[in-house]
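Chemist: These protein sequences, in sequence, are chains A and B.
Number 1349 in our numbering belongs to position 21 of the first sequence; there are no gaps in the numbering.
Number 1056 in our numbering belongs to position 26 of the second sequence; there are no gaps in the numbering.
Don't take every hint at face value.
Said to hold, decoys possible - With a straight-line Cα cutoff of 27 Å, these simulated BS3-like cross-link-like pairs (lysine-lysine) come out:
1. A/Lys1369 <-> B/Lys1131
2. B/Lys1136 <-> A/Lys1369
3. B/Lys1098 <-> B/Lys1086
4. A/Lys1348 <-> A/Lys1369
5. B/Lys1131 <-> B/Lys1090
6. A/Lys1394 <-> B/Lys1131
7. A/Lys1348 <-> B/Lys1131
8. B/Lys1098 <-> A/Lys1394
9. B/Lys1136 <-> A/Lys1392
10. A/Lys1369 <-> B/Lys1079
11. A/Lys1348 <-> B/Lys1079
12. B/Lys1136 <-> B/Lys1090
13. B/Lys1136 <-> B/Lys1079
14. B/Lys1131 <-> A/Lys1392
None of these hints come from the bench; they were simulated from the model.
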Amino acid sequence: GAVVSQHPSWVICKSGTSVKIECRSLDFQATTMFWYRQFPKQSLMLMATSNEGSKATYEQGVEKDKFLINHASLTLSTLTVTSAHPEDSSFYICSAPLPGRGNNEQFFGPGTRLTVL
Amino acid sequence: GNSVTQMEGPVTLSEEAFLTINCTYTATGYPSLFWYVQYPGEGLQLLLKATKADDKGSNKGFEATYRKETTSFHLEKGSVQVSDSAVYFCALRNSGGSNYKLTFGKGTLLTVNP
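Sequences and hints are given; from them, build the entire structure.
Modeler: In structure tokens:
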């Protein structure tokens, strides 16, 4: 099946620094990718839709300047958490729909665990 | 708006036991319904889906039936294995257009003991 990777799988950083998370579709092109955030024992919450060649679409309540998204190519989207603080510590997951498989199937990355000290 | 409610975990079963994980939803229109599974250390994988009322999704011995009258999509398996230990997420997606947005339940952790 289609594969979506994320890098890094985990990261620890100091408060005030910025962290970049990459999401790659390894064997297919994705004009759209999604970024989710998951708190312990909570659901996946959609943060934003990453669109290749245009601006990302953010969900209500998500700070655009805090969570910068760049869809650099048809196989790469990046999420940068700027000036990270401890409350940004979470599990970040990306997904991408597979073209040509109808509009029902998405493939998910393994997630990135961010811990801000 | 859309919402998905699934039974709270964790669920602990012995091998070969019967599994039910309840899922109910609230949505406008006619959503598609999904069950995703997340094995330890891995990303979410689509387990099964149903796109219209009375459809039954099935895969790897798991089944779920789209019940419009009760707005439910309960996951069942007749005989679980240790390898089924994972977190299971119920999700919905509104129909139409190119909107792939998914709304997830909170997830249910299943542990199967030998």
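Chemist: For a quick check of understanding: which of the numbered hints are violated here, in increasing order?
Modeler: Hints 8, 11 not satisfied by this model.
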